[in-house]
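So the chains spell out like this:
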Amino acid sequence: KQEVTQIPAALSVPEGENLVLNCSFTDSAIYNLQWFRQDPGKGLTSLLLIQSSQREQTSGRLNASLDKSSGRSTLYIAASQPGDSATYLCAVNPQAGTALIFGKGTTLSVSS
Amino acid sequence: KAGVTQTPRYLIKTRGQQVTLSCSPISGHRSVSWYQQTPGQGLQFLFEYFSETQRNKGNFPGRFSGRQFSNSRSEMNVSTLELGDSALYLCASSFLRGETQYFGPGTRLLVL
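First to last, the protein sequences are chains A and B. In terms of my numbering, the first sequence opens at residue 1 and continues consecutively. In terms of my numbering, the second sequence opens at residue 1 and continues consecutively.
Derived from the structure by calculation, the hints contain no laboratory data. One thing to keep in mind: the hints can contain errors.
Stated by the list, open to error - Here are the simulated SDA-like cross-link-like pairs (lysine to any residue), alpha carbons at most 25 Å apart as the crow flies: (1) K57(B) with S46(A); (2) K104(A) with R73(B); (3) K42(A) with E99(B); (4) K104(A) with N59(B); (5) K104(A) with E82(B); (6) K42(A) with T53(B); (7) K57(B) with L49(A); (8) K42(A) with H29(B); (9) K42(A) with G60(A); (10) K42(A) with L11(B); (11) K42(A) with G40(B).
Based on the provided sequences and hints, a complete structural model is requested.
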C-alpha cells in the first residue's frame with residue numbers, strides 16, 4: 001500500500017531564505033507526482049507535476065525533483081517571501097487514473 | 001478560463017440527513033475526482049469519474065456515492081450523515097486521466 005510522508009510537518013523561516021520541503025513514498029511504481037499549495041480554509045493550487053520519467057520541474061522560484069528509485073521528491077523554494085506562507089502538499093499518482101495519495105503536508109511560515 | 005466551481009460552499013446538516021454536493025469542472029475537462037479532507041486523516045480519495053463512468057473508488061462506505069453528467073459536471077451524495085462526515089469536500093478536474101489536477105475551493109460540511 002502506497003504511503004506518502006512529508007517532513008517536517010511545520011517550518012518557520014525568515015524572509016529571503018532558500019528552503020527545501022521533503023516528500024517520501026513507499027512504492028516507487030508511480031505514474032507522476034504533484035506538489036500543491038493550500039491556504040487556510042481554501043482549496044488546493046497546483047504548483048508542479050513531475051512525470052515518472054522526469055527528474056525535475058521548475059516554475060519561477062520553485063523547483064521540484066524526483067528520485068523514484070529512492071522514493072523521494074523535494075520542493076525547493078528560492079528567496080522565500082511572506083506570501084509563500086501556506087501548507088504544501090505532495091501527492092503521488094500510482095497509475096494513469098486520478099486517485100492521488102497525499103501526504104499530510106508541511107506548513108510553512110515565512111516572517112518578514 | 002473559469003476554474004473548478006463547487007456549490008454550495010458551506011452546509012450545515014444534522015445526523016441522519018442526506019446531502020448532495022455539486023462540482024463543475026474546468027471547461028473541456030472530462031475527468032472529475034472527489035476528495036475528503038479532515039484534520040485527522042488529511043486528504044483522502046473518494047472517487048473518480050471519466051466520461052460519465054466511475055473509474056476508481058476509495059475506501060469509503062456505500063453511503064458515499066456520486067455521478068457524472070454528459071457535460072462532465074459531477075455530484076456526490078452522502079446519505080445517513082454521521083458526525084464524522086464533517087469535512088471539507090474537494091473536487092478536482094483534469095483534461096485526461098493522470099494529468100495535472102485542478103482543485104475547486106471545496107464545500108465545507110458540518111454535521112451536528
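Between K104(A) and N59(B), is the straight-line Cα distance small enough, at 25 Å or below? Holds: K104(A) and N59(B) sit about 18 Å apart, inside 25 Å.
Within a Cα-Cα threshold of 25 Å, do K104(A) and E82(B) meet the stated pairing? holds, 24 Å
Hint check: K42(A) vs G60(A), CA-CA at most 25 Å. Holds or violated? The given pair, whose Cα atoms are some 23 Å apart, holds under the 25 Å limit.
Does the alpha-carbon distance linking K57(B) and S46(A) stay inside the 25 Å limit? Measuring from Cα to Cα gives roughly 22 Å; hence the hint holds.
Given the hinted pair K42(A) and G40(B), is their Cα-Cα distance within 25 Å? Since the Cα atoms of K42(A) and G40(B) sit roughly 17 Å apart, the hinted pair holds (cutoff 25 Å).
Can you confirm whether the C-alpha distance between K42(A) and H29(B) stays at or below 25 Å? holds, 21 Å
With a cut-off of 25 Å on the C-alpha distance, tell me whether K42(A) and L11(B) pass. Holds, because 15 Å separates the two Cα atoms, which is no more than 25 Å.
Hinted pair, alpha-carbon criterion (25 Å max): K104(A), R73(B). Please report holds or violated. Roughly 28 Å between the alpha carbons, so the hint for K104(A) and R73(B) is violated.
Pairwise hint evaluation, L49(A) against K57(B), where the allowed Cα distance is 25 Å at most: Roughly 23 Å separates the two Cα atoms, so the pair holds.
Given the hinted pair K42(A) and E99(B), is their Cα-Cα distance within 25 Å? holds, 22 Å
Are the Cα positions of K42(A) and T53(B) separated by 25 Å at most? Cα-Cα ~28 Å, so violated.
In the structure shown, a violation is registered for the earlier hints numbered 2, 6, in ascending order.
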